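Trainee: Chains as they are written, first to last, in my numbering: chain G, 706 to 1173; chain U, 17 to 368.
To be clear, the hints were calculated from the coordinates, so they are not data collected in a lab.
Don't take every hint at face value.
[What the hints assert, rightly or not] Ranges between beta-carbon positions, derived for each pair:
id, chain 1, residue 1, chain 2, residue 2, range
1, G, Lys-848, U, Pro-316, 52 to 60 Å
2, G, Phe-938, U, Lys-221, 56 to 64 Å
3, G, Met-915, U, Asp-224, 53 to 61 Å
4, G, Ile-842, U, Asp-44, 40 to 48 Å
5, G, Ile-879, U, Gly-332, 55 to 63 Å
6, U, Gly-332, G, Ile-842, 42 to 50 Å
7, G, Phe-983, U, Gly-118, 30 to 38 Å
8, G, Asn-996, U, Gly-245, 31 to 39 Å
All values derive from a computational prediction rather than experimental measurement.
Here a beta-carbon is modelled for each residue, glycine too, at the ideal position from N, C-alpha and C.
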Amino acid sequence: MSNQITSTVKEQGVKPGQATKATQNSGTADSNAIKTPESTGDTDALHRSPAQTAEIVEKGLARRYRSEKRFQLMGVSAIILSLMFLSILFISIFGNGYTAFKQTVVQIDVFLNPEKLNVDHLEKADYQGMVKESLRIMFPTVKNRRDKKKLYGMVSTGAAFQLRDYVQEHPEDIGKTIQLWVPADDDVDMLMKGHIQRGGLEVNRRLNDMQISWVDRFMEQERIRKRFNVDFFTSGDSREPELAGIWGATCGSFYTMMITLLLSFPMGVGAAIYLEEFAPKNRWTDVIEVNINNLAAVPSIVFGLLGLAMFLNFFGLPRSAPLVGGLVLTLMTLPTIIISGRAALKSVPPSIREAALGIGASKTQMVTHHVLPLAMPGMLTGTIIGMAQALGETAPLLMIGMVAFIVDIPGGFTDPSTVLPVQIFLWADSPERAFLEKTSAAIMVLLLFLVTMNAVAVLLRKKFERRW
Amino acid sequence: MKKLFITLMALTLVGGMGIGSSFASSRDYISIVGSSTVYPFATVVAEQFGKTTPYKTPKIESTGSGGGHKLFGAGVGVQHPDITNSSRRIKKSELEKDIKNGVTDIVEVKIGYDGIVVANSKESAIMRLSRKDLYKALAAKVPNPDGSETLVENPYKTWHDVNPNLPKVAIEVLGPPPTSGTRDAFVELAMEGGAKKFDFIKKMKKADKKKYKAVCHTIREDGAYIEAGENDNLIVQKLQANPQALGIFGFSFLDQNTDKIQGSFIDGVQPTFDAIADGKYPVSRPLFFYVKKAHVESIPGMKEFLAEFTSEKAWGSEGYLADKGLIPMPEAERKQFSDAVKNLVPLKLSDL
């Protein structure tokens, strides 16, 4: 009997020292018990009194609770750790980026000299010269050539283009002096936002003491302020950080995603339906299934190389176009959509199919009238997640020339364009310090898109999914 | 649902075909590829050009000098780029290949100079290096410290070991990987320049050019030189975090971060705008772009773009490219190249 108890205790894994005196039995019996713990254990249970059983259970109980606690603790700490990393990421991005949504602007008084502005050729006038002149009038003491150059550098080169646009819109103002808020230079912007310190040695700063005194003069006269950065959302890329915006990249992303969606959704759903509902189960369909699963795991750069060889070199499609980007990303997202589509079809219970066939529906009718509508929410969820993945992709676009400097806002599927993640990559590599906050701000916008798309996927699933 | 699908698919097909057939016959914007070093300058010109003329803004891809020449020389026609930027001169083999592909007339334009700086954090003392120090600190094989004319695996651990005048700080240099043009220029100008100071290595150049190249251009791989990726901003950030380390990158990044990092003296000269411009700073290289002559007529805006790039307000000593960190050429050289652009004088194989 004592042997038997030992064996069950062993089974529960209590250390021999902690067990009853029975453990101090002969070693041979002990080792026998270990050899066949299960067979003996089973029959032992029948001969055991309830009190003995309770004793055994109680002994193991504390340990089992401990191990459960330990296990839960590991899970919780894994979650806490990942949340911590995530919050570090978010804090650093938001901390760097939130200032980019504000823009420093300077007010200048410009005299629209009718002698210099020919009404028939407004676009050809020297607007840069007019901006410079107004700065000279504001600071008449600045005489030397080097200092003047510094003075002109206080406002962005975009000021002249803004003035041009204003004059073209309001030709009736010619001859008057107008007040115009123009973007400040990126260094001034960085100073206003506190990214450049005022203290320290003059040579160690991008702005010298004189330039800082000019900024102070602007502040005294209330000619400098920060406003919401509309340009960031409405303009294309620029090499001047104060003029750069994400609208061009957003449009590029939109066209690329349109192509991807238009191609990958019907193709993915079609493939899923055929493979799940119609295809015979044989070696060929197995091979296809394995290949689709493999394709889902292929590194995305490979699709870029394929796109370069196929779409650009063989078909001769244009470089840097959303059309080609969309085609490449279609290849990348197709497996995801097919796999999720098949999973959604599988979850529709067979009784629905049998009922439809039973009342005389053809197989096509069964699929299109009954199975597909029920599987649609799951398929859409998979598609949205695939699209979100494609939206954040840069590697395959590298090969087909979408990593490029593009200022003009793309207006169609074959215009050269870039996409949001590529824009982030390009800004991160720029020497000007002001691009650091732009990079983070663009990441925030991209994250917003991704979170929205994933939220839509969750909502769709919550609202339309049926459980059987 | 079924109808929706059929319509969707039909739309996609028709759309795809319509788009497919509408392009390829013409291109109304300039397509530029090439070096990531020239990219920040070419983009400024392109933006200026796009805003001040009725033409579209040129598209500029940053493919690296080698990748740019490959795309550029693939042929003549709208599907091929019009201009390639290069942080080194075109190689003879590249030009031969271009000519074989039908790209016979290529105009070479030098746009200015770029300095390569060795910098560290402002928190530590400024370094006074020579090219010889750089070679001894970073080469995989260096002359035997005992003075005999043999090469040994680099034994130096600290800068003090390399040169007794330097501080006792471990050698730790962050620099670009071998795919980078900056790295090519650094090994060629700084390391080879330093290696040549040893007479027996200099003699090797005539006797065994291959071995000479290997000795001068191979960087040690024992952890003293850290490949920090192509992103120069990252190197700047790492230098701030680690004041002991030195970093290698282009002058424009030093120019933008003068409050955080300082350029080391090399052969007694600090990398400043003026020192690079008048050629005193030893580690500087010319930057180029190459134009396909056949495209100058067929692509709208090409002539105007070239005129913009070679105008005084762009590449002049007071021009906007100088504000972005490009070191302008002397006036005579500027004139020579702007004339070459005006007359579109093609490059000959014998020029290289």
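Trainee: Decide, hint by hint, whether the structure agrees.
Mentor: Okay, the hints, checked on the actual structure:
One distance hint, 52 to 60 Å for the beta-carbon pair Lys-848(G) and Pro-316(U), is violated here, with the actual separation near 43 Å. Evaluation of the 56 to 64 Å hint for Phe-938(G) and Lys-221(U) yields a pass: the beta carbon distance comes to about 58 Å. Judged by the Cβ atoms, the range 53 to 61 Å given for Met-915(G) and Asp-224(U) holds: they are separated by roughly 58 Å. The supplied range of 40 to 48 Å is met by Ile-842(G) and Asp-44(U), whose beta-carbon atoms lie about 41 Å from each other.
At about 32 Å, the CB distance of Ile-879(G) to Gly-332(U) disagrees with the hint of 55 to 63 Å. At roughly 26 Å, the beta carbons of Gly-332(U) and Ile-842(G) sit outside the given window of 42 to 50 Å. Look at Phe-983(G) against Gly-118(U): about 51 Å separates their beta carbons, and that is not inside 30 to 38 Å. Taking the beta carbon of each, Asn-996(G) and Gly-245(U) are about 35 Å apart, inside 31 to 39 Å as hinted.
The structure is inconsistent with the numbered hints 1, 5, 6 and 7, although it conforms to all the rest.
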